[in-house]
Amino acid sequence: MGELLDWINFGSDPMANAYYPFDSYNLPFDIGYQLWEILGGTIAWLIDLIFPGNSVSTWLMCDAVSTLLALVVFMLLIFLVAFVSTLIVLWEERKCLGRMMDRRGTMVGMKGFLQCVADGLKTFQKENVVPAKVDKMTYMWTVSLVIGVSVLVLCMVPLSSRWFVVDYDTGLLIIMAFFALAPFFILVSGWAQNNKYSLIGGMRAAELMISYEVPMLILICTTALMAGSFNINDIVYAQADSVWYIVPQILGAITFFTCAVAEAERVPFDIAEAEAELVEGWQTEYAGMKWGLVMLADYMRGSVSCSMFVILYLGGWTLPFIGDGPIPEIVFLLKAYVVFFFMSLIRAATGRVRTDQILNLGWKVFMPLSVFNLVIVLLLMTGGVI
Amino acid sequence: MSDSIVPVKEIEEKMDTDKMWVIMGPQHPFSHGLWTLKVQLDGEIVTDAEPIVGYLHRGWEKETESREYPKIIPMADRLCYCASMTYTHLYCMTVEKALGIDIPEKAKYIRMVADEVCRIQSHLMWLAAVGTDLGSYTVFLWSMREREFFLDLNVKLCGARMTTNYPRIGGVRNDTTELFDRDILRAVDRFEKALWDIIALIDDSSIFVSRMKGISFINRETAANIGLTGPAMRGCGVDFDIRRDDPYDNYDKVDFEVPVLKAGDSYSRYMIRIEEMFQSCEIIRQGVAKIKALGKNAPYRVKTPSKVPAGTAFARLEDPRGESLMYLVADGTDRPYRLKVRSPIFTNVSSARLQSVGVRIADVPAVLAQIDMCLGETDR
Amino acid sequence: MAIRYLDKYPKNLAKSLWVMKPTIVVLKLFIKNIFHRPVTVLYPYEKEWIPDNYRGRPGLRFDKCVGCGMCVRACPTACIKLIEVEDDNGKAVMRPQVNVGRCAMCGYCAEYCPVDAMTVTPEYELAEYSRYDLLYGPRRLHYEGTTEGMEVKCEVTLPSDIANGNPERRVSLFDLDRPELIDKKCIGCKKCAKVCPVNAIEMVEKGVNDKGRPILRPVIDNVKCISCRNCVIDCPKDALEIKEVL
Amino acid sequence: MDADAVYQTPTVEEIASILPAKFASVKVTKTETRRVYATVPREDIFAVCTYIHDNLTFEHCTTLLGVDYVDHMSVVYHLSNYYNGVMIELVVDVPVDDLHVESVTSIWEGANWHERETWELFGIVFDNHPKLERLLTPKTYEFFPFRKSYKLRGSE
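Which chain is which? The protein sequence lines are A, B, C and D, in order. According to the numbering used here, the first sequence holds residues 1 to 386 in order. According to the numbering used here, the second sequence holds residues 1001 to 1380 in order. According to the numbering used here, the third sequence holds residues 2001 to 2246 in order. According to the numbering used here, the fourth sequence holds residues 3001 to 3156 in order.
One or more of the hints may lead you astray.
As the list claims (entries may be wrong) - Here are the in silico distance ranges between beta carbons for each label pair: (1) 1221(B) / 2176(C): 33 to 39 Å; (2) 2148(C) / 1294(B): 20 to 26 Å; (3) 2003(C) / 338(A): 38 to 44 Å; (4) 2003(C) / 1217(B): 51 to 57 Å; (5) 1217(B) / 342(A): 48 to 54 Å; (6) 3131(D) / 1182(B): 50 to 56 Å; (7) 3131(D) / 1102(B): 42 to 48 Å; (8) 3047(D) / 360(A): 49 to 55 Å; (9) 1250(B) / 2242(C): 17 to 23 Å; (10) 3031(D) / 2077(C): 37 to 43 Å; (11) 1100(B) / 2171(C): 57 to 63 Å.
Worth flagging that the hints you see were computed from the coordinates, not collected in a lab. Where is the CB? At the ideal position from N, CA and C, for every residue including glycine.
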């Protein structure tokens, strides 16, 4: 028995918890932990009120359980922030593209932001059509996997040194590995739809991947070489200590930007869903909410591409002369939006390249450029400039 | 091949690699209208193609046989939604030829100016289609924006945007209006500036140029033989323009250049049309000056008899898309006995196989956009 | 005239190997559009200005109409029909009814109206819930604010005038052609006088025939006549013929 | 006038004199500026067209159409020269009971679809045509809709 406030130990330090899952301070976990303290404390108090002296209440408030359930809240929080930032990216593209094309862009509520919500609701209400001759299991699973992988990789991008999911030493590699998974599912999905356009689209996704993946990894390794670590925190703070890597690696930054556009399958590299010749490419047979989710996944990948660019070349969440600042998460997101603006600009200004051109570009232009970039970095490092 | 460790050829034979027929259309983003292109693909490369048209066949020619001559003018508008003015013009020219009458100078100049407005507007429609076919929505919207100013000119001239119903047998429907006189030169000046922006978007972009340059070559002899006409033909090196070489309606009294390129690839066919828009602007400027010089009271429409004497007549003109011809058989009544329309696209699209074989499937829209498809006149 | 675009392009492809210039052009428009409005017209809320001669649905000035049926004959889609309505004095008159669902907005009815009662109107929002609602009766065809610019004049120049060196004379198409009587065929049935919408035909006695009955022959008042050809079409013996002035 | 020489820019007068000289059956009915009108019996049409294409350099077959005159049918050829804009109109009369004309597709590939169209709308068979199939109308049609014997519903 006791008062409600006795059960809620709000403001306790999560890091003092014996089961604290991270090595350093984690803001979303802290928020989640406090939320769970309020929520779980209330539940425990209620249970104790009904069954006085039971052990469930105390079990609920023990270190292990509260960490576990706080993690659930933490996950929801991470996803929510990532999701809303994706919606902002979506809105930004639609509005900016509209202005670039001399039209108005979205118009529904809040300068058009609510159009995303309206579209989501509309696709959600649509009938779930499964074409008769598709391979049903693969058809459903691949699209789930594409979306799942995109959500996963989106949530794994740290927004600051205190807003992260994993903080491994190979964090960058893990993100890139998950990021590169989607084209495999697209390939399978293209086959499963029993549609010639989808099949060609799926093949093209694979073709696209082999052209940009290698230079992209070389560029990442170059940055890791400069920072001396694959840890994202280390990379960001190494840039804060010296100079943003876009300055010494300007060539690499441009190449990475182009590869990131290809990675996100956006114009000019959206050959997998080239609407002029392939109707909608590998998404042809997906309708309703499935299509809506696939589109959302596209923007998630675009948002992740921008985040990676910010981490690798624009000093992440730090600002020059200021360092972390009071709200580094906002700084990070704003930087990502600026990068995304340039992606929209490229989309408005260019057309679609051909499949053989992207292969040529990947292996004959990007590959030498990235190696050249590596050489420059090595020379700079041996020269002791950095 | 022979010295590779894996017997590639053998494997390929065992793999039973079939070629794939992909049926693009009739509802496909690349087919601007209702038509089908069956393409046979070997991987991504087109090995065979077959165009299928006729989804929009309305029996236009048969239907004219049961209508009086003036009533066919609104019908001729509906032959092509982008170039309605030229078809109406062509029809009136044909009937005037059968009647053996000459129309007033002012009507000729007005028709010429209206035709060139129509040509610019049609070419802009084509430019928009090229933009989407090459994956850029910006080009589409910018061209459509420019096109709007010319549709407004149409409204000011005759009250309708696309189905103009403006030329009449023996002249034109009305004199140029004050609004038209005021706006036409302004619109043309404005358009030329805006067109350079669109050109900067396409011709200064390596992506667009590399998509169009060096694919789908057609040489001069083939282009003439397969009946390719219009800008597509001039892009293949045939130096012929009906406006210059077989002039009708005072085109011989204005000064303009006919752009011709010898390269014969998709890009040269594209460039011809862009240049033609600039030349049309020139023609409009000169034509408007000539109309002004003729004065307000000059006749613009003569009275014509309602019955056409028996006999045959044909006239041809340079449509935005190529050479169009109408052949009229009159039997002395107020209705035509037979009216045949030679649509340029009908012949141009029959060369779709020649144009698309050997290119990649990604280039099929880009190549066939240069035909400037319009199904109303193709199927009639 | 000079070739203007082909002289500048194609440039060396190596020089244009970048997408910089298009990007700058697009960025320029973007920055411009932050301060200016885009060219889009938000249609249901804003509307484009349209001139008076815009060809929307046909309009009718009821009091001017004489019910001659020229619009019916000129209509290429056969969407106009003459129906009987009461005019302001309660008299039954024939007035056109337009099926706007079939109307092609060609403006022929306004052009061929001899008394300019039919006009074009700038009204283009014509969607209705049923096809019946698309039938515009003579009263409904009336358009508030009909101006002079909405009338379509049909003025022609005669080829003979041009040949005679008088090319600036323009005549209304309806002041030219007049029906002409072929006296042998006429049976004096008065039908032409009945169908004439402007009462331009008067039956005049011209002597007496063998049986002693009066011979009636139509006499056409060329000033009143609007060359609507009703008499020619309705003549049972084809005794009237339009004489085309050229 | 050498009938076998190759003229790149034949004038109207040259055409009007050469054609009847080369083929006795060809009758030039009318000439205008840049226009020549002629009639050809159907036996000679292929030879005349080959000659016009090869020797008079008429590279382009603008159109080819059929007309149903009830008592006979006509096939009208419009051929144009790309060097001076001269057009030749050839009229070939075909009796109703034997609607056969030699195809000119092997001379001008551009005539291919026009011949197909004329066949499907009038039933005039073009011999040696590579692919005489229905083009605009459905493949199941068994009649020829543009003949005068085919009445439209509203026209009667």
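Outcome of the hint check:
1. 1221(B) / 2176(C): 33 to 39 Å: At roughly 54 Å between Cβ atoms, residue 2176(C) and residue 1221(B) fall outside 33 to 39 Å, so the hint is violated.
2. 2148(C) / 1294(B): 20 to 26 Å: holds (25 Å)
3. 2003(C) / 338(A): 38 to 44 Å: Once the Cβ atoms are compared, 43 Å apart, the range 38 to 44 Å for residue 338(A) and residue 2003(C) holds.
4. 2003(C) / 1217(B): 51 to 57 Å: violated (23 Å)
5. 1217(B) / 342(A): 48 to 54 Å: Violated, at about 37 Å.
6. 3131(D) / 1182(B): 50 to 56 Å: Given about 54 Å between the Cβ atoms, the range holds.
7. 3131(D) / 1102(B): 42 to 48 Å: holds (44 Å)
8. 3047(D) / 360(A): 49 to 55 Å: Since residue 3047(D) and residue 360(A) have Cβ atoms about 53 Å apart, the given range 49 to 55 Å holds.
9. 1250(B) / 2242(C): 17 to 23 Å: violated (33 Å)
10. 3031(D) / 2077(C): 37 to 43 Å: Holds - the Cβ-Cβ distance for residue 3031(D) and residue 2077(C), about 41 Å, lies within 37 to 43 Å.
11. 1100(B) / 2171(C): 57 to 63 Å: Distance hint for residue 1100(B), residue 2171(C) is violated at roughly 22 Å.
Violation of the numbered hints given earlier is confined to hints 1, 4, 5, 9 and 11; the remaining hints are satisfied by the structure.
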